[in-house]
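Trainee: Each residue of the sequence shown is one higher than the one before, starting from 2 at the first, in my numbering.
Derived from the structure by calculation, the hints contain no laboratory data. All of these numbers come straight from a predicted model, not from anything done at the bench. Be aware that one or more of the hints could be misleading.
To be verified - What follows is a list of derived Cβ distance ranges for each label pair:
#1 ARG95 <-> ASP46: 31 to 37 Å
#2 GLY145 <-> ILE173: 29 to 35 Å
#3 ASN146 <-> ASP99: 48 to 54 Å
#4 THR162 <-> VAL97: 19 to 25 Å
#5 ARG95 <-> SER135: 47 to 53 Å
#6 THR103 <-> ARG82: 22 to 28 Å
#7 HIS221 <-> ARG78: 38 to 44 Å
What the hints assert, rightly or not - In silico DMTMM-like links for lysine to aspartate or glutamate, alpha-carbon gap of 25 Å or less:
#8 LYS208 <-> GLU180
#9 LYS208 <-> GLU133
#10 LYS98 <-> ASP6
#11 LYS230 <-> GLU210
#12 LYS230 <-> GLU245
#13 LYS234 <-> GLU133
#14 LYS234 <-> GLU245
#15 LYS90 <-> ASP34
#16 LYS208 <-> ASP222
#17 LYS90 <-> ASP46
#18 LYS230 <-> GLU164
#19 LYS208 <-> ASP6
#20 LYS90 <-> GLU106
#21 LYS90 <-> ASP33
#22 LYS234 <-> GLU217
#23 LYS234 <-> ASP203
#24 LYS90 <-> ASP31
#25 LYS230 <-> ASP203
Glycine is no exception: its CB is placed at the ideal position from the N, C-alpha and C atoms.
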Amino acid sequence: MPEADGLVLISSHLGQGLLMQACLDPSVIDEDDPFATDAALNPFDPANGFQAPPSSSRYDADFIERYRAAQARRVMRLDERARSLLARKAAARRAVKDGTATMTERLSATWSPIMTIWRTDADLRCWDLSIEPSARAYGSLWGGNPISSNWGSVGFGRICTPESWLSNWSAISSNATMENCAPHIRQPVCMVRYSGDNSVFDSEADKLESLLGNAEVARHDLPGNHHGKPVAKGELGGQQRAGEIVRQWLLSNNFTTVAR
Numbered sequence: 002m003p004e005a006d007g008l009v010l011i012s013s014h015l016g017q018g019l020l021m022q023a024c025l026d027p028s029v030i031d032e033d034d035p036f037a038t039d040a041a042l043n044p045f046d047p048a049n050g051f052q053a054p055p056s057s058s059r060y061d062a063d064f065i066e067r068y069r070a071a072q073a074r075r076v077m078r079l080d081e082r083a084r085s086l087l088a089r090k091a092a093a094r095r096a097v098k099d100g101t102a103t104m105t106e107r108l109s110a111t112w113s114p115i116m117t118i119w120r121t122d123a124d125l126r127c128w129d130l131s132i133e134p135s136a137r138a139y140g141s142l143w144g145g146n147p148i149s150s151n152w153g154s155v156g157f158g159r160i161c162t163p164e165s166w167l168s169n170w171s172a173i174s175s176n177a178t179m180e181n182c183a184p185h186i187r188q189p190v191c192m193v194r195y196s197g198d199n200s201v202f203d204s205e206a207d208k209l210e211s212l213l214g215n216a217e218v219a220r221h222d223l224p225g226n227h228h229g230k231p232v233a234k235g236e237l238g239g240q241q242r243a244g245e246i247v248r249q250w251l252l253s254n255n256f257t258t259v260a261r
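Given the sequences, and given the hints that come with them, work out the whole structure.
Mentor: Quick look at the structure:
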């Protein structure tokens, strides 16, 4: 790829794997059964602090600590599942190459396994507005009903191959992280952060800015949700202002063929 002259980051997260781990529901106890749940870790059980809107949920510190540790353990289990599927296929391909393959192994050698990752909309910060408080509204990027978003067909990484899980969605195995990449960026950066973002939070935006320490960063904090739209009816959004900021940044860096 040609080297970029500059970089524009709008509502940018720290990497798909870290985003996924923060959203992953760790109360899943069987990856083949989307309804199998560890009640002690269920983020949508009132006994654990969940409240439906208009109230904000209230999770205590012990639950949050156990929850986040369990999220990391689920990522580890999914990594193991992905590697097991790939190992099975690799073994079958070796058997085909050696001429010793059974019919099942011949089929396995060409088989493309698919992983279904259920319940990936369970970031506690979306339901408990006291965790990293900001101007965000109750709910996630997918809406305010966790039942439909956490168990529905649409969600981060819902359908993926073992390869894509390990390379993109795993917080443990993926190399596609800002922590790995951002320190190597030396071109000028225009960074836009929306104050009501319910997918990229203040701590993550601050972390990203610090990782870009080798670059000249122009950061702008604007009102709006993750997409720059108004958080609530009657409030201001930041999309149009973000567009003007990017345009002026392009002009100020003499990227004029793009800005006109």
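Trainee: Taking the hints in turn, state whether each one holds.
Mentor: Tested hints:
no.: 1; hint: ARG95 <-> ASP46: 31 to 37 Å; result: violated, 47 Å
no.: 2; hint: GLY145 <-> ILE173: 29 to 35 Å; result: holds, 30 Å
no.: 3; hint: ASN146 <-> ASP99: 48 to 54 Å; result: holds, 53 Å
no.: 4; hint: THR162 <-> VAL97: 19 to 25 Å; result: holds, 20 Å
no.: 5; hint: ARG95 <-> SER135: 47 to 53 Å; result: holds, 52 Å
no.: 6; hint: THR103 <-> ARG82: 22 to 28 Å; result: holds, 23 Å
no.: 7; hint: HIS221 <-> ARG78: 38 to 44 Å; result: holds, 40 Å
no.: 8; hint: LYS208 <-> GLU180; result: holds, 9 Å
no.: 9; hint: LYS208 <-> GLU133; result: holds, 14 Å
no.: 10; hint: LYS98 <-> ASP6; result: violated, 47 Å
no.: 11; hint: LYS230 <-> GLU210; result: holds, 23 Å
no.: 12; hint: LYS230 <-> GLU245; result: holds, 15 Å
no.: 13; hint: LYS234 <-> GLU133; result: holds, 23 Å
no.: 14; hint: LYS234 <-> GLU245; result: holds, 23 Å
no.: 15; hint: LYS90 <-> ASP34; result: holds, 24 Å
no.: 16; hint: LYS208 <-> ASP222; result: holds, 15 Å
no.: 17; hint: LYS90 <-> ASP46; result: violated, 39 Å
no.: 18; hint: LYS230 <-> GLU164; result: violated, 34 Å
no.: 19; hint: LYS208 <-> ASP6; result: holds, 23 Å
no.: 20; hint: LYS90 <-> GLU106; result: holds, 8 Å
no.: 21; hint: LYS90 <-> ASP33; result: holds, 20 Å
no.: 22; hint: LYS234 <-> GLU217; result: violated, 36 Å
no.: 23; hint: LYS234 <-> ASP203; result: holds, 23 Å
no.: 24; hint: LYS90 <-> ASP31; result: holds, 23 Å
no.: 25; hint: LYS230 <-> ASP203; result: holds, 18 Å
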